[in-house]
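Residue strings, one per chain:
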Amino acid sequence: MNRINVISKKLYKIGLVVSLAIFLLFIFYDIHNLESNSKRYLSDHYISEGVQETGAINIVTSVLYDYRAFDTLGEATVLLTAAAILSFLVPITKDKMRGTPFTIIVSQTTQVFIPFLAILGMYLIFFGHLAPGGGFVGGVVIALIPILLTITYRVEFSEYKFKPDKKKVSEDIGAIGFVLIGLLGILTGSNFLANGQANVSLGDAGELISAGLIPYLNIMIGIKVGAGLAIIFNSLIKEK
Amino acid sequence: MQISYIAVIILFCLGIYTIISNKNIIKMVMGFTILESSLILLLILISYTPGGTAPILDRQYEIVVDPIPQALALTTIVIGGSVTAVMLAVTIKLYKRYRTLNVDKLRKLRG
Amino acid sequence: MEAAVWVIILPLLTAFFIGISKVYVKKIFVPLVISSAIIYLYLLILVINNSYPPNVYSVGAWRLIGINLMVDPFSGLFLLIIALLFLPVIIFSVKYIKSYKHEYFIFTYIMTAGIAGMVLTADLFNLYVFLEVSSLSSCALVALKKTNKGLEGAYKYLVMSTLGSFFILLATILTYYLTGTLNIAEISLEFNEIPFKIKSALMAFFVFGYVLKIGLIPLHFWLPDTYEDSPIPYNVLSSGLVMKSAVYALIKVLYIIFGIDFLDKSGLLQIGVFWGVITFIVAHLLAFQQSNLSRLLAYSSIAQIAYIMIGLFVGTEGGLIGGNFHILNHAIMKGTLFLVTAIFYYSLSAVNIEDIKGLAYKFPILSFTFVVASLAIVGLPPFNGFISKWLIVEAALESGFVYAAFFILVGTFLSLTYYLKVIITLYTKNDKEIVVEEPGLSLSLPTIFLGSLCIVFGVVPSLPLRLINKIPTFLLDNGEYIRVLLGG
Numbered sequence: 004m005n006r007i008n009v010i011s012k013k014l015y016k017i018g019l020v021v022s023l024a025i026f027l028l029f030i031f032y033d034i035h036n037l038e039s040n041s042k043r044y045l046s047d048h049y050i051s052e053g054v055q056e057t058g059a060i061n062i063v064t065s066v067l068y069d070y071r072a073f074d075t076l077g078e079a080t081v082l083l084t085a086a087a088i089l090s091f092l093v094p095i096t097k098d099k100m101r102g103t104p105f106t107i108i109v110s111q112t113t114q115v116f117i118p119f120l121a122i123l124g125m126y127l128i129f130f131g132h133l134a135p136g137g138g139f140v141g142g143v144v145i146a147l148i149p150i151l152l153t154i155t156y157r158v159e160f161s162e163y164k165f166k167p168d169k170k171k172v173s174e175d176i177g178a179i180g181f182v183l184i185g186l187l188g189i190l191t192g193s194n195f196l197a198n199g200q201a202n203v204s205l206g207d208a209g210e211l212i213s214a215g216l217i218p219y220l221n222i223m224i225g226i227k228v229g230a231g232l233a234i235i236f237n238s239l240i241k242e243k
Numbered sequence: 477m478q479i480s481y482i483a484v485i486i487l488f489c490l491g492i493y494t495i496i497s498n499k500n501i502i503k504m505v506m507g508f509t510i511l512e513s514s515l516i517l518l519l520i521l522i523s524y525t526p527g528g529t530a531p532i533l534d535r536q537y538e539i540v541v542d543p544i545p546q547a548l549a550l551t552t553i554v555i556g557g558s559v560t561a562v563m564l565a566v567t568i569k570l571y572k573r574y575r576t577l578n579v580d581k582l583r584k585l586r587g
Numbered sequence: 003m004e005a006a007v008w009v010i011i012l013p014l015l016t017a018f019f020i021g022i023s024k025v026y027v028k029k030i031f032v033p034l035v036i037s038s039a040i041i042y043l044y045l046l047i048l049v050i051n052n053s054y055p056p057n058v059y060s061v062g063a064w065r066l067i068g069i070n071l072m073v074d075p076f077s078g079l080f081l082l083i084i085a086l087l088f089l090p091v092i093i094f095s096v097k098y099i100k101s102y103k104h105e106y107f108i109f110t111y112i113m114t115a116g117i118a119g120m121v122l123t124a125d126l127f128n129l130y131v132f133l134e135v136s137s138l139s140s141c142a143l144v145a146l147k148k149t150n151k152g153l154e155g156a157y158k159y160l161v162m163s164t165l166g167s168f169f170i171l172l173a174t175i176l177t178y179y180l181t182g183t184l185n186i187a188e189i190s191l192e193f194n195e196i197p198f199k200i201k202s203a204l205m206a207f208f209v210f211g212y213v214l215k216i217g218l219i220p221l222h223f224w225l226p227d228t229y230e231d232s233p234i235p236y237n238v239l240s241s242g243l244v245m246k247s248a249v250y251a252l253i254k255v256l257y258i259i260f261g262i263d264f265l266d267k268s269g270l271l272q273i274g275v276f277w278g279v280i281t282f283i284v285a286h287l288l289a290f291q292q293s294n295l296s297r298l299l300a301y302s303s304i305a306q307i308a309y310i311m312i313g314l315f316v317g318t319e320g321g322l323i324g325g326n327f328h329i330l331n332h333a334i335m336k337g338t339l340f341l342v343t344a345i346f347y348y349s350l351s352a353v354n355i356e357d358i359k360g361l362a363y364k365f366p367i368l369s370f371t372f373v374v375a376s377l378a379i380v381g382l383p384p385f386n387g388f389i390s391k392w393l394i395v396e397a398a399l400e401s402g403f404v405y406a407a408f409f410i411l412v413g414t415f416l417s418l419t420y421y422l423k424v425i426i427t428l429y430t431k432n433d434k435e436i437v438v439e440e441p442g443l444s445l446s447l448p449t450i451f452l453g454s455l456c457i458v459f460g461v462v463p464s465l466p467l468r469l470i471n472k473i474p475t476f477l478l479d480n481g482e483y484i485r486v487l488l489g490g
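Residue numbers (the numbering used here), protein chains in the order written: chain A, 4 to 243; chain B, 477 to 587; chain C, 3 to 490.
I should point out that these hints are in silico values taken from the structure, not numbers from a laboratory. Please note that the accuracy of each hint is not assured.
To be verified - When the alpha-carbon atoms are kept at most 27 Å apart in a straight line, the in silico DSS-like pairs for lysine-lysine are as follows:
no.: 1; chain 1: C; residue 1: LYS147; chain 2: A; residue 2: LYS241
no.: 2; chain 1: B; residue 1: LYS581; chain 2: A; residue 2: LYS169
no.: 3; chain 1: B; residue 1: LYS499; chain 2: B; residue 2: LYS581
no.: 4; chain 1: A; residue 1: LYS16; chain 2: B; residue 2: LYS581
no.: 5; chain 1: A; residue 1: LYS169; chain 2: B; residue 2: LYS503
no.: 6; chain 1: C; residue 1: LYS103; chain 2: C; residue 2: LYS29
no.: 7; chain 1: B; residue 1: LYS572; chain 2: C; residue 2: LYS103
no.: 8; chain 1: A; residue 1: LYS13; chain 2: B; residue 2: LYS499
no.: 9; chain 1: B; residue 1: LYS499; chain 2: C; residue 2: LYS151
no.: 10; chain 1: B; residue 1: LYS499; chain 2: A; residue 2: LYS166
no.: 11; chain 1: A; residue 1: LYS241; chain 2: C; residue 2: LYS29
no.: 12; chain 1: C; residue 1: LYS199; chain 2: C; residue 2: LYS24
no.: 13; chain 1: C; residue 1: LYS267; chain 2: C; residue 2: LYS364
no.: 14; chain 1: C; residue 1: LYS151; chain 2: B; residue 2: LYS581
no.: 15; chain 1: C; residue 1: LYS151; chain 2: A; residue 2: LYS169
no.: 16; chain 1: B; residue 1: LYS581; chain 2: A; residue 2: LYS164
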């Protein structure tokens with residue numbers, strides 16, 4: 004009896020999912036037949052006017068840090084919340100990490116890699132408005148440094164080099180900096196997170212110092228994401 | 477209708493099925509990751525225009541793909557990653573308390 | 003209208019500064035929290051005062067190509083709930099919360115920012131982002147005590163709310179694909195040309211996603227678990243704001259984007275009322291069986307949300323006024339009940355109904371507050387719950403939902419039975435000697451403040467109704483809302 008019960012339960016779930024799939028198939032088919040591709044005036048505006056309005060030639064960056072910068076503040080908050088949850092839910096336990104000791108090749112290569120990672124991360128952050136990259140990607144690359152240290156030389160060393168408290172504070176500073184740069188817009192008589200609208204000089208598109216406040220927002224997000232991801236990784240790996 | 481949209485549907489339903497049918501917490505978290513990636517794939521697909529280049533306007537261009545879904549995709553990735561991290565943290569905690577990953581065995585709360 | 007954006011950034015900034023003060027300057031913690039809450043109250047009053055006629059704040063001054071915040075009476079009502087609940091809860095928690103104090107306040111402030119963002123934003127994707135902010139931080143608060151039950155509740159909460167968010171996100175992405183914009187007003191205009199079938203499919207995704215977060219029967223099972231072992235002051239905000247903000251988002255999406263005509267044509271209004279009836283009957287029956295006080299209140303919350311859904315889905319002006327008034331009243335009444343429960347827990351760690359036997363003779367004033375709030379939530383005159391329930395019944399009768407009106411009366415009797423059970427236990431003499439820790443003034447004052455509001459709003463309902471009466475114009479006729487948002 005029990006087996007029949009299990010099988011029927013499984014069939015029920017499969018049926019549920021298959022009917023959802025058929026439903027989605029019909030919806031997607033209908034939507035696709037509507038020829039709605041012509042309705043792109045918002046993105047057309049971004050593409051045609053974005054470079055003049057924001058000064059950044061990477062339009063994704065200008066959408067993320069200028070047109071829809073408020074979304075970015077929200078997602079930065081989500082990341083900060085996640086890091087805070089992890090650091091209190093799975094806190095420091097003085098316990099040795101399991102894992103094989105690496106040979107000298109690994110530890111030496113890690114040392115060689117770290118400066119390159121730092122340069123690459125910096126490049127991605129500072130050139131976020133000119134080339135693919137930006138604060139998030141650059142922050143992830145920066146976060147790789149403590150993560151590599153954790154993997155090769157254990158958690159204790161990584162925590163000794165980058166103190167957990169310092170990481171938390173720099174994450175908070177990144178978030179506060181983002182809001183403060185946004186408040187500059189209000190100070191100059193425009194709205195929150197305003198950039199070109201607040202008469203910030205946008206510079207020549209394509210230069211390193213251009214696009215108004217976008218590079219500084221990028222730096223803040225870079226700091227925040229780097230510190231946040233390092234906290235998240237170390238918290239997860241520390242538990243035995 | 478392009479075949480890639482069917483991939484989105486398959487991934488989405490696979491994710492849902494993984495979540496509702498699996499008893500293992502880690503596999504449920506994997507289901508959420510699959511679900512998230514299906515939505516990111518959908519975002520990338522709707523931004524695509526045939527022959528379009530990446531929305532970085534430093535040289536001559538004719539067709540550019542839609543930049544908004546790419547920005548939304550970045551937001552979705554960050555939020556999804558944060559949620560996954562929190563879920564894994566709760567999973568670690570639950571495993572430490574109950575020494576099991578089976579959902580049925582840790583149901584202390586009923587009713 | 004700078005204050006509108008400050009309503010979102012002030013709690014965020016406070017949360018970040020608490021994070022720094024935790025590491026370096028521990029002393030400024032309490033002054034920081036209290037002063038920020040007081041400034042926040044001032045800002046909220048400023049924004050609520052300006053909510054009629056509605057005005058738009060454009061983030062980054064981009065107008066229609068960026069993200070807009072819009073203050074209308076409907077969001078003004080939610081800001082009013084934040085204003086009434088937030089400062090009492092903060093004052094209460096400063097003394098009540100003993101462990102993980104900094105984390106508690108960080109998450110509470112971030113959660114409030116998320117809810118304020120959800121309430122104010124006029125952008126579909128931004129709504130999703132702030133939804134995620136509020137649900138992730140509220141999940142953290144569920145797990146705050148790190149007990150087995152709390153962790154399990156947090157896990158269930160995470161799973162259900164994330165599943166809901168993915169459905170909402172799917173619907174949002176498809177909406178963007180169909181309309182090419184994310185501004186609610188522009189979407190609404192574009193939606194006039196979309197075929198009926200696609201619109202109803204999108205609506206199904208939105209409704210399913212939000213209902214998962216609201217917790218109607220049969221998708222409710224995770225909700226009581228999150229209440230059982232979480233810090234009780236958080237439960238005040240959770241039942242008063244987090245659940246309600248999902249209701250808010252659902253109503254806003256349905257009424258503004260899809261429009262009342264489409265809701266009527268697709269039959270969602272009938273389904274919504276029927277769903278609400280089923281939900282409160284089942285929830286009342288389940289609440290009757292509970293022995294844990296928090297779980298009882300949680301089931302009661304589900305039932306009250308069902309009343310609100312009936313009021314909002316009747317689709318008439320009276321229904322919307324009644325439903326919105328009940329949103330406000332439920333937040334106040336449930337807040338009072340949870341705060342009294344929290345004091346009982348603080349003084350003698352009472353969790354179950356038997357534990358509070360005879361406490362009325364130890365805490366006469368607090369017990370009286372509890373009785374007032376529970377009679378109000380049952381719906382007896384002259385308290386505020388009676389008026390809003392009466393408005394809902396009247397609206398249901400007017401638009402032909404006779405069965406809903408009848409069952410609301412039945413539900414009132416059901417809820418009277420279990421609340422009477424608690425009150426009688428409270429007033430039964432207990433021979434056992436009880437040793438209690440005296441709750442200070444900072445715990446009892448916020449409780450009595452919220453309890454007195456039950457009577458004030460019951461005697462002078464015109465006070466909040468002045469704001470609420472303006473809500474239906476913007477929901478029933480989405481043209482008005484669209485005109486304001488587009489800046490015409």
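Query raised in the report: Taking 27 Å as the top limit, are the C-alpha atoms of LYS499 of chain B and LYS151 of chain C close enough?
Result: Distance of about 19 Å is within 27 Å: holds.
Query raised in the report: Regarding the pair LYS499 of chain B and LYS581 of chain B, is the alpha-carbon distance no greater than 27 Å?
Result: Holds: LYS499 of chain B and LYS581 of chain B sit about 9 Å apart, inside 27 Å.
Requested in this report: Please work out if LYS267 of chain C and LYS364 of chain C have their alpha carbons no farther apart than 27 Å.
Outcome: 57 Å, violated
Query raised in the report: Taking only the CA atoms, is the gap from LYS151 of chain C to LYS581 of chain B under or equal to 27 Å?
Result: Distance of about 13 Å is within 27 Å: holds.
Query raised in the report: Does LYS24 of chain C lie within 27 Å of LYS199 of chain C when you go C-alpha to C-alpha?
Result: Measuring from Cα to Cα gives roughly 54 Å; hence the hint is violated.
Requested in this report: Please work out if LYS241 of chain A and LYS29 of chain C have their alpha carbons no farther apart than 27 Å.
Outcome: Violated. LYS241 of chain A to LYS29 of chain C sits at ~30 Å, over the 27 Å cutoff.
Query raised in the report: Given the proposed pairing of LYS581 of chain B with LYS169 of chain A, does the C-alpha separation stay at or below 27 Å?
Result: The hint is violated at about 40 Å.
Query raised in the report: Straight-line Cα separation of LYS499 of chain B and LYS166 of chain A no greater than 27 Å?
Result: 38 Å, violated
Query raised in the report: Between LYS103 of chain C and LYS29 of chain C, does the CA-CA distance stay at or below 27 Å?
Result: 13 Å, holds
**Report entry** Hint consistency between LYS581 of chain B and LYS164 of chain A [alpha-carbon to alpha-carbon, up to 27 Å]
**Finding:** At roughly 41 Å apart (the allowed maximum being 27 Å), LYS164 of chain A and LYS581 of chain B break the hint.
**Report entry** Satisfaction of hint between LYS241 of chain A and LYS147 of chain C, Cα-Cα up to 27 Å
**Finding:** Roughly 21 Å separates the two Cα atoms, so the pair holds.
Query raised in the report: Taken at face value, is the distance from the CA of LYS169 of chain A to the CA of LYS151 of chain C at most 27 Å?
Result: 33 Å, violated
Figure legend: structure checked against the earlier numbered hints; hints not met, in rising order: 2, 5, 10, 11, 12, 13, 15, 16.
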